[in-house]
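Protein chains in written order, with our numbering: chain S, 1 to 413; chain R, 1 to 413; chain H, 1 to 413; chain G, 1 to 413.
Derived from the structure by calculation, the hints contain no laboratory data. One thing to keep in mind: the hints can contain errors.
Each computed PhoX-like pair below joins lysine-lysine, with the alpha-carbon atoms no more than 25 Å apart [what the hints assert, rightly or not]:
id: 1; chain 1: R; residue 1: K341; chain 2: S; residue 2: K287
id: 2; chain 1: H; residue 1: K34; chain 2: H; residue 2: K241
id: 3; chain 1: R; residue 1: K287; chain 2: R; residue 2: K329
id: 4; chain 1: S; residue 1: K287; chain 2: R; residue 2: K201
id: 5; chain 1: H; residue 1: K329; chain 2: H; residue 2: K241
id: 6; chain 1: R; residue 1: K20; chain 2: S; residue 2: K34
id: 7; chain 1: S; residue 1: K210; chain 2: G; residue 2: K264
id: 8; chain 1: G; residue 1: K264; chain 2: H; residue 2: K34
Some, not all, of what chain G presents toward chain R, calculated at C-beta under 8 Å [to be verified]:
id: 9; residue: E327
id: 10; residue: L332
id: 11; residue: Y334
All values reported here derive from a predicted model rather than from experimental measurement. C-beta atoms are modelled at their ideal positions from N, C-alpha and C, and glycine is treated no differently.
Number of protein chains: 4
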Amino acid sequence: MAPTATPATESKDDLEATVKKLASLKPIGHSSFKGDVKVGYEGSWIEGLPESTKARYARHGVDISNGYPYVPENDKIPKFVDEAYAIRNEDYPFIERGKNADPEKKALFGAAKEVRNLTKHIGTEIVGLQLADLNDKQKDELALLIAERVVVFFKDQDLSPQKQLELGHYWGQVEVHPQVPRINHQLDGISVIWQDYFREKYGLGLTFKKAIGGNSQWHTDLVHEHQPAGITHLHNDAIPKVGGDTVWASGYAAYDKLSPALQKFLDGKTAIYRSAHQYIDRENPLKGPKYVEREHALVRTHPATGWKSLYVNRSMTVRIVGLEPEESKVILEYLYSVYEKNLDIQVRFNWTPSKPGLGTSALWDNRISQHFAVWDHEGNEARHGTRVTSLAEIPYFDPESKSQREALGLSLN
Amino acid sequence: MAPTATPATESKDDLEATVKKLASLKPIGHSSFKGDVKVGYEGSWIEGLPESTKARYARHGVDISNGYPYVPENDKIPKFVDEAYAIRNEDYPFIERGKNADPEKKALFGAAKEVRNLTKHIGTEIVGLQLADLNDKQKDELALLIAERVVVFFKDQDLSPQKQLELGHYWGQVEVHPQVPRINHQLDGISVIWQDYFREKYGLGLTFKKAIGGNSQWHTDLVHEHQPAGITHLHNDAIPKVGGDTVWASGYAAYDKLSPALQKFLDGKTAIYRSAHQYIDRENPLKGPKYVEREHALVRTHPATGWKSLYVNRSMTVRIVGLEPEESKVILEYLYSVYEKNLDIQVRFNWTPSKPGLGTSALWDNRISQHFAVWDHEGNEARHGTRVTSLAEIPYFDPESKSQREALGLSLN
Amino acid sequence: MAPTATPATESKDDLEATVKKLASLKPIGHSSFKGDVKVGYEGSWIEGLPESTKARYARHGVDISNGYPYVPENDKIPKFVDEAYAIRNEDYPFIERGKNADPEKKALFGAAKEVRNLTKHIGTEIVGLQLADLNDKQKDELALLIAERVVVFFKDQDLSPQKQLELGHYWGQVEVHPQVPRINHQLDGISVIWQDYFREKYGLGLTFKKAIGGNSQWHTDLVHEHQPAGITHLHNDAIPKVGGDTVWASGYAAYDKLSPALQKFLDGKTAIYRSAHQYIDRENPLKGPKYVEREHALVRTHPATGWKSLYVNRSMTVRIVGLEPEESKVILEYLYSVYEKNLDIQVRFNWTPSKPGLGTSALWDNRISQHFAVWDHEGNEARHGTRVTSLAEIPYFDPESKSQREALGLSLN
Amino acid sequence: MAPTATPATESKDDLEATVKKLASLKPIGHSSFKGDVKVGYEGSWIEGLPESTKARYARHGVDISNGYPYVPENDKIPKFVDEAYAIRNEDYPFIERGKNADPEKKALFGAAKEVRNLTKHIGTEIVGLQLADLNDKQKDELALLIAERVVVFFKDQDLSPQKQLELGHYWGQVEVHPQVPRINHQLDGISVIWQDYFREKYGLGLTFKKAIGGNSQWHTDLVHEHQPAGITHLHNDAIPKVGGDTVWASGYAAYDKLSPALQKFLDGKTAIYRSAHQYIDRENPLKGPKYVEREHALVRTHPATGWKSLYVNRSMTVRIVGLEPEESKVILEYLYSVYEKNLDIQVRFNWTPSKPGLGTSALWDNRISQHFAVWDHEGNEARHGTRVTSLAEIPYFDPESKSQREALGLSLN
């Protein structure tokens, strides 16, 4: 007699019970990390914390006595992709601080010792000004300057994490990451950027031969949010004596590199953007972890400058909506190459401050840029920083908006 | 007070219990299939079975009264990748039937009405001979002919599944797939090749715009086995009146297309080859399903001809061992293109038989070829067949072996 | 004392005199040919002419007593690119014969023994009909059939060059190539397709390892003409027993493979198309030979079917007008790959006739196709044919026209 | 009667006379330049010469009263490729100054105010030292430092062209380019690097959208010489206030990025390298201008450090000897990408000096590097410099030599 036909799936209850069980287990973590996600306070790593970081924390009353860094407890980390989608999934009223700022930025520039453009199209260094001392007028002008120059640098800063967080709140809703390491359980919204830690703890496999990966590749921060990242402020308080540069590229200029025909083709299109971390699919827990994916404008208009920018990056753009997969791949690959190969739209920044004990800040606008953290120090010298990201508006494309060069009356050839 | 540090993972027991539970649930299936794996006998599809197939089964006493096709019950399908690895993981004594065959193939050719080479480098059709009638001497000669011509065709065949299976056993250990659809639960070792069924049942998304996928792309069968596929015999008993061709490309000729310097570089190297289906990783069940992966010779010597062949295919070659990932990708992509772009080393075969009620057989050697099932019929006309694969030796590279052109004394330019 | 500044160029008169001298020297020839252009009658090659070709010529009173093949004398071959541009540079009234033909093709099909579609999307063979016997109604229907099926084949033909030429005149202005080998100096408009001759005489470097080149690569004929090629009729009178297939791909289907968004992007665009041969630039004779280049619609509407076709090919499309060079390169490369990788829109044809002494004709429409002459016979067996090309209309894009699948009501997914 | 067969070529005498005539006409020039080569002194451009350049020349008694720049007269410029090959075609005894230098470089470093490595793997700036004041011991040590660090920078230099030339002679045979603009007819061996001039005069089409081209792309200088460039010393005496950076990449590090298997494959191979300028082929004057091409070691050992370096660059490497053209293309493209995509093996340098009236020098070793002159200033601010190149040894591969990381005992992963 023939065996009776039976369904492959046991009862739906069984699956649900198992899925529930999964929910109590460890989170999946970052897609490039091979190790497990650690939670709670880290005991042993505090000893390896750079002296300059410890001094900064001590100076500003930051408590790291429980260990360092800190990752939220297991039950606070989303396990399922629907839980991750639910985070900040509603409209948040964003105020673009740069919009009504003085175009001449007299308050900001007047207080600085020097304002130095590092290249023609991207990157400005402000010398002789403490970020901690900025008034609101200056913060507005700085927001506009970042919107225009893509990234702005301040060396020799004495900046507390608390002040850095306060600045972030001024420029938008501060992103609180559910599982990225933090300073401690009080300072929500500050992420610890410590590649040596990620590398050893999470198995991020950076080596000399494999020095492209993690943040050490072209990417844009937090593109998968309902309202993706605007200004990110990375303050490095421990910097290798040599190396550890970061390179930024301008999305305005990338857009201006395209032919009018290709610009027109991309204008108004959307793409799918994904998160760096992965989560379980409740309906299909065995078919592999999933990214949070959201659809945004591929060419977006910056609300302060009104200029169009090419919003793509190799690490987190999944596909262009409306194209066949292979078409999308070919065109995205070309768009990435425009960002990456045109060295005239990039700035490479060395973080080294001249004054001991002080840190360096870079503030860039993720709406209009990609960046790449160069990993040439190979973990031999500490590189440690704190990062605060102000989320901005829901990306939009204004068909009336102009490209940067159009708006500035520059040659379009 | 600060929260206490807690490990992200609950006790190891919890994980094991959950994993055990997972094992009783549904298998993951083919990596390109979006739907669930169905098990047992299929009731409703039998009605759509082509008349010519039904007639063949009836003629040869094949029982499909329980439904059609049949997939083993859930508890017989491996869920975990370690279970899948365990299948046929030990050496099996393979006898190469072509090795001692008469090089002139007098018994085989003498019985045929016509022997027609379809192109210079690949593909021969034998006319006027029934596969079911071959004696052992002829089967040996056919094995050698396949080894030389890569693929051999027989039209107008009246071939029972039982006889097809018997032929397969003669040429090697017959592969029994743990979850691919079969005729019924008695006929282990015969796979049902019915793209319309796969397409609707498993969500294999073939459409006109997406006609590349599944078997409709360049691939080689069963490369992940401990002893991968040798001769595969596909007998099509239902064939579209127009379309549904299959294209094969020769691995001997692909190797001969390379420069001596690149040949030398590849000789002796190995690559990782993966299965089409995926399974749960017991140690890391949430990090996504895994393929069975095995390491084999990248350039392999065929035991019957002694000729070297390039053993790669776009669908199932993961990487070349010993190269950096990007190097491997670039070189594999080039090797795929050699197979795919050189139309002079390919044969395109139309299965149409001239006599109604009869089927067409193609017998090819997977050790020395790739193939591509053209999906131009778009499911509008039935295409149905039964497939038997004889596994061969553990792939090896004999440094003394020659390329086909070298051995035949042909120009190497 | 400093040397006096002198212009690099001698007087303009000197240059002109030299250029004039150049004009009397040898022409440059085909861009892939390494050797010199031979002119006049070829004495020695006539002995290598295949017997079947000689018999055909003898049967139909074709005079090859002066040698074979024949290339126009030196003073009749254009040397300068402006001279080459001047050929057929004016509008010629083209009549599309397929336009008003009976859509059911009753006259043609009724007279045939069998009409067999070789694949779903491209290629039809007509059996049991002599091309030489077609009446005008049948010729019109054949033009429509070619327009629909892209390429149509006739085996077992007894066809004189004179009749082949007459057929060509019926379907359009017959192209007379200024320097491609001909039968003799009377039969203008018939090109000799004899790859063995090209290979040895002109240094076309085909070998097994380099079997992609010349006609043995994806191309479309005569795209650089003011009114490019419509129907090309190749009659092969000497065919290798094995091998020497030709593969065609459909431009309708290639267009239908694209997403609606990419179709819209390409609709109405133009590209630059170049000749196979090169000529001296009179203004800049030392900066290298030039191609004749003309701008045509990239997506063109076929006047008989009204369907849109993707008019590109790897060998002769220079760039898309209005795109940056790198953009054009990336998008064209993608479009070529659509033609080349989708095996479901290709047909591979074996020319072998069953009856000795007869030839095989393929008639394809260059407006809607690419083709590739497979060179697997390696010159070991003769392959010889005569080709007549009927030029068609100036390519145009009708914004109201539909794709083939749209017009036929087929699924667009 | 049939026309008589005539050869396409007129008598050989005719061709020779014409070719001789061509030789007296204008040279062809740089392959990317669209305009004609200008010869002699340039009258009108002197007015556009930057003030800082004029001041430097005046300060050091450099005569530009005849015009500026100066290009050798027409009859001194080679027109035929054989003439270009004849330049420096014999072995010249090269002395590697870095070879016996003090590894600690005490004389050089002791005299400097600061020695600053700009990144981990490439680029060092020496502060507080005038190049014009170096003694031989220091010059030897500098040669070794350049050999180790790939490129060394000196800002705030007061350096005469004469002194720059003298330094060049110390480090090797100074290259005298037959047609690149010079300061005047006395100062052989100094090339004028003035992109604004090249751009307008020669039609080098740099624009914002096309900012990759000429020197503004990845290249290595003078790779086509019998003894290619060693140290190149570019002294910029006019520098845009913002922009105009140059980026260098290390060939040692590029080699160290490769897998041992690929390293072994490339070790001992050679490639063909071509010149930037083109010349007439005397035998085939109409088939287009030709580059000077020479074969060199693809992996070369540096005589001072003994380290292996990857000697390729996108602009001037034609092909790897012994590979099929497509293989060579794929592998070279990969090797270029290793240089270009790994930002950790690059340094980006801003030339801006802090002291007005002084210039900045960069000295790099072309044997072990590529570089890219960023064109973001768009010609709006002058960038002008003088360049002296010391040619080095015939490239060689020492199978006993080590990679940089091997020699330094660094991790090879």
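Hints, one by one, checked against the model:
Under the criterion of a C-alpha separation no larger than 25 Å, the hint pairing R/K341 with S/K287 is inconsistent with the structure, at around 34 Å. Of the pairs offered as hints, the one joining H/K34 and H/K241 is violated, with about 29 Å between alpha carbons and a cut-off of 25 Å exceeded. Taking the CA atoms of R/K287 and R/K329, the gap is near 24 Å; set against the 25 Å cutoff, the hint holds. Between S/K287 and R/K201, the direct Cα distance comes to roughly 17 Å. Compliance with the 25 Å bound is thereby established for this hinted pair.
Distance check on the hinted pair: H/K329 and H/K241 sit about 40 Å apart at the alpha-carbon level, beyond 25 Å; violated. Under the criterion of a C-alpha separation no larger than 25 Å, the hint pairing R/K20 with S/K34 is consistent with the structure, at around 23 Å. Between the alpha carbons of S/K210 and G/K264 the distance comes to roughly 19 Å, so the proposed pair stays at or under 25 Å and holds. The straight-line distance between the Cα atoms of G/K264 and H/K34 is roughly 35 Å, outside the 25 Å bound, and the hint therefore fails.
With a cut of 8 Å, the hint placing G/E327 at the interface with chain R holds, because the nearest CB-to-CB distance is about 5 Å. Hint status for G/L332 relative to chain R: violated, with the closest Cβ pair at about 11 Å, above 8 Å. Hint status for G/Y334 relative to chain R: holds, with the closest Cβ pair at about 5 Å, below 8 Å.
The structure shown violates the earlier hints numbered 1, 2, 5, 8, 10.
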